[in-house]
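Peer 1: Whole structure, please, built from the sequences with the hints as guidance.
Protein sequence lines correspond, in order, to chains A and B.
Residues 1 to 467 in this note's numbering are what the first sequence spells out, letter by letter.
Residues 1001 to 1201 in this note's numbering are what the second sequence spells out, letter by letter.
One thing to keep in mind: the hints can contain errors.
As the list claims (entries may be wrong) - Straight-line distance between alpha carbons at most 27 Å, and here's what the computed DSSO-like set of lysine-lysine pairs gives:
| # | chain 1 | residue 1 | chain 2 | residue 2 |
| --- | --- | --- | --- | --- |
| 1 | B | Lys1066 | A | Lys320 |
| 2 | A | Lys190 | B | Lys1185 |
| 3 | A | Lys8 | B | Lys1196 |
| 4 | B | Lys1066 | A | Lys162 |
| 5 | A | Lys162 | B | Lys1168 |
| 6 | B | Lys1075 | A | Lys320 |
| 7 | A | Lys162 | B | Lys1196 |
| 8 | A | Lys8 | B | Lys1075 |
| 9 | A | Lys8 | B | Lys1066 |
If you're looking for bench data, these hints aren't it; they were derived computationally from the structure.
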Amino acid sequence: MGKTLFEKVWNEHVVAEIPGGSNVLYIDKHLIHEVTSPQAFTGLENRGIGLYSTERILATADHNVPTKDQHLPIKEALSRLQVEKLSENCKKFGVTLYGLGHPYQGIVHVIGPELGITLPGMTIVCGDSHTSTHGAFGSIAFGIGTSEVEQVMATQCLMQAKPKTMKIEINGTLGKGVSSKDIILYIISKISAAGGTGYFVEFAGSAIRSLSMEARMTICNMSIEMGARGGMIAPDETTFNYVKGREFAPKGAKFDEAVAYWKTLYSDNNAVFDQVYHYDAADIAPMITYGTNPGMGIKINSNVPKLSEIEESNRATFSKALEYMGFTEGTPLLGKQVNYVFIGSCTNSRIEDLRQVAQFLKGKKKASNVNAYIVPGSKQVEKQAMAEGLDKILAEAGFELREPGCSACLGMNEDKIPKGEYCVSTSNRNFEGRQGPGARTLLASPLTAAAVAVSGKIVDIREFSLN
Amino acid sequence: MEKFITLKSTITPLAIEDIDTDQIIPARFLKATTREGFGDNLFRDWRYDENNQPKKDFILNNDGYKGSKILVAGKNFGCGSSREHAAWAIHDFGFKVVISSFFADIFKSNALNNGLLPVQVSQDFLNKIFELVKSNIKLELIIDLENQQVEIVGHSIIEKFDLNQYKKTCLINGYDDIDYLLSMKGKIEEYEKTSKYLHIL
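Peer 2: This is how it looks when you write it as structure tokens:
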């Protein structure tokens, strides 16, 4: 029997099998940030041990950082303390840190790929559920808790039960105004926020193959939003071309040797998955969420579902979500006034996202009722955006390009959405209070978010002319 | 880690599905650098209003359920962020067990790594608990880890639950994964010498 992509990478990293169903899995790269690492460092100190390896770990500050005036001390005391604690721990334990002010600083899932740290066939973990992003390279990448962060720090290994495998195949051509964000919101709306729990997902099919690396990252990023531990895409020429020449990627003969190995990383024709789904790219429309988990998504020109269409056991949750969002069952979202737009997060803050947004906004103006945050994923993205003059296009349209960080995706810094306000957001979670207490989040693609920003209300991107 | 064997307790029912870790502990409370004290902000925005006054209709503010060590929640409990602070908050508040018909993967690992037992039961069994507690808020359950079963006291209703045997041994003995992995240093070094991939990179 053939092997799946997941099994090939997993098997390569098994150090030992433990009776009772767990594997000791070797971890090639461990990424850390200020929020989920301090207690792990304390754990090491309490045990009187150091890091197993200082070569395989990398730190950045992203969750708490302000997106304005990063050269000044962080105003909010607890955020400042947490960021300082990270610097202190990295110094003490010998961890490379791309902290505030460093040219490589940024959201952990943006910097890994752009610096060539993320490579096909690797195992990558981070104390952050969106670590699944790195699976776009054909690596096994997933989020872990702080006790597991400590495990990897102490031993470079992780005790893990092997998940089941799922394949999601999407074939065909995407329609006008439909991007990779719409693909993943569509998938999650079909299989629900829990539909992938217990699985590692491989995304395949012609619609996936045609995507750029950054678009693939958006898809894998949100695998966790259907409950899956991670998502992955088999590496191909698009992947190798992206990796080639990046700062920490292998060079010369080493690169060729790596590519020869990476080319073996695909699911064999006769590989068996525990679950398979097929979708037609032509059925995918620009998507938006109406509720309080990412599975509550609809085509933007559809109505919010009726209570009677919802599975009985889920009706209480559905009604609670509509009450929180202030929406009525069976009614359209198009035309609803929206006062906040957030373009950013580890899902959609890369240079292609900013290019797409700037191209759309060129010659247009932000609606007067809209407050917008446009936050690049990293210093490298910010630098590139400025080199291309995107900041000027944004400024002419009435927007300001902020400095990099997680920002309003989870509102740990001062970028919060006020209570009761709607925010069309390119981030990954529309949970109650995610963007600030009482904030109402509608997840959508960068293009849809940009169109909402100029319209001041929910609009269908397909009504605009797009180049 | 604290040892876990059996537990008899009243329950706190929360019949809501898809409870995410942002509800269990909102991101703005993740700024601490220690593991303690998160229980004060467990379910913060469901528990307190914007003036920090307890919301009377939320179950954690109902004295009738006070002292319960078992949280019973709807399907897909703990979805969303990987923050272990969610498990810490539940444990710190005083719960030793969470029962649901389905747990998110990362939450389940985090709970097990902190001596908080996630017990996955059938939807029917879960519905039965929710139904019985409506007429008797002092309904008790017995969680027997050794025999991997939950009993609804006074109703002779028992259900078995699954658990990774390695994790079960850890819970019963109070071991954690790091103790185990540190004892495997030789094997890890051996892997590093022979791994094909590590040599390519």
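Peer 1: Taking the earlier hints as the rules, which of them does this structure contradict?
Peer 2: Of the numbered hints given earlier, those the structure breaks are 2, 4, 8 and 9, listed in rising order.
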